[in-house]
Amino acid sequence: MPLTRTADLLAAAVRGGHGLGAFNVIQLEHAYALVAAAERAGTAVVLQISENCVRYHGSLAPLLGAALAVAEESAVPVAVHLDHVESAELVEQGLRLGVGSVMFDASTAPYAENVARTREIVRRCHERGVAVEAELGEVGGKDGVHAPGARTDPAEAAAFAEATGVDALAVAVGSSHAMRTRDAELDFDLIAALRAAVGVPLVLHGASGIADPDLTRAVRTGLTKVNIATHLNAAFTGAARRALAADPALVDPRRYLDPARAAVTEEAARLLGVLDAVPATAVPPGTPQA
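Following our numbering, the numbering of the sequence shown begins with 1 at its first residue and continues without gaps.
Bear in mind the hints are in silico, worked out from the structure with no lab data behind them. It should be emphasised that the depicted structure is a prediction, and the values quoted were computed from it without experimental measurement. Among the hints, a few may not be true.
[To be verified] Distance ranges between label pairs, derived from CB positions:
# : residue 1 : residue 2 : range
1 : Arg15     : Ser59     : 33 to 39 Å
2 : Gly273    : Pro2      : 21 to 27 Å
3 : Asn52     : Glu113    : 18 to 24 Å
4 : Glu86     : Leu28     : 22 to 28 Å
5 : Ala196    : Ala249    : 55 to 61 Å
Note that CB positions come from ideal geometry on N, CA and C, so glycine has one too.
Please construct the entire structure, taking both the sequences and the accompanying hints into account.
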């Protein structure tokens, strides 16, 4: 299936009151696993590559090219997204290579600077038909920089979305990045207030720390795109560890990467159900990524 624009997936999710699962790709096995999960669930999905991951690999092109290729072979709509990008140069590289959307993160800057920098990225991306997500009200846990107790003000969020022209907005409502326990407490009253105030889809970062019932409730209360990374990485690593422990003489990476990939597929497919993720059939045909 041709690559799908993230903007079209967001629009389909909003129309139907669905969530949109967005899961991080660390290497090729993740991309295969996540697309298989979406095919199993019969939903759309977003594959995300973070700036931290690009830094780990040393460049964007190889991993992005692999993710795009896996997405193009999918039987369901798949978009490929750059996540938590702070570098304008990396945004430009992603645009040249065919990324479907960008999350530009200037949330640590003062408000006026965040607006100015984000607005310029929006201008560049919209010229090429690429959607932009931004962040206001720092989400906790990202490299120890963001304050865990941060909350996004609805009036400020509405003004920010209007001033920048972003297509989606990540908000701080009680989640935190890199959590290994699922006991974060979301502020549902704030989610409802943000949904009422902000005219673009809302994004939940740090969703690994949120229990299943609260993920479902968060979507029903007004969040659309839901980002999950650490929880799926734990599933991947746990399965690999079990395979290696079961056979200390094992040296063929395929023998432990295969169960790791299968574990991510199983858990990601389950999470897509928890999120009531946008069905593949709800994405209109003929809206491939430009």
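Hint check:
no., hint, in the structure
1, Arg15 to Ser59: 33 to 39 Å, "holds (37 Å)"
2, Gly273 to Pro2: 21 to 27 Å, "holds (25 Å)"
3, Asn52 to Glu113: 18 to 24 Å, "holds (22 Å)"
4, Glu86 to Leu28: 22 to 28 Å, "holds (25 Å)"
5, Ala196 to Ala249: 55 to 61 Å, "holds (60 Å)"
Hint violations for this structure: none, all hints satisfied.
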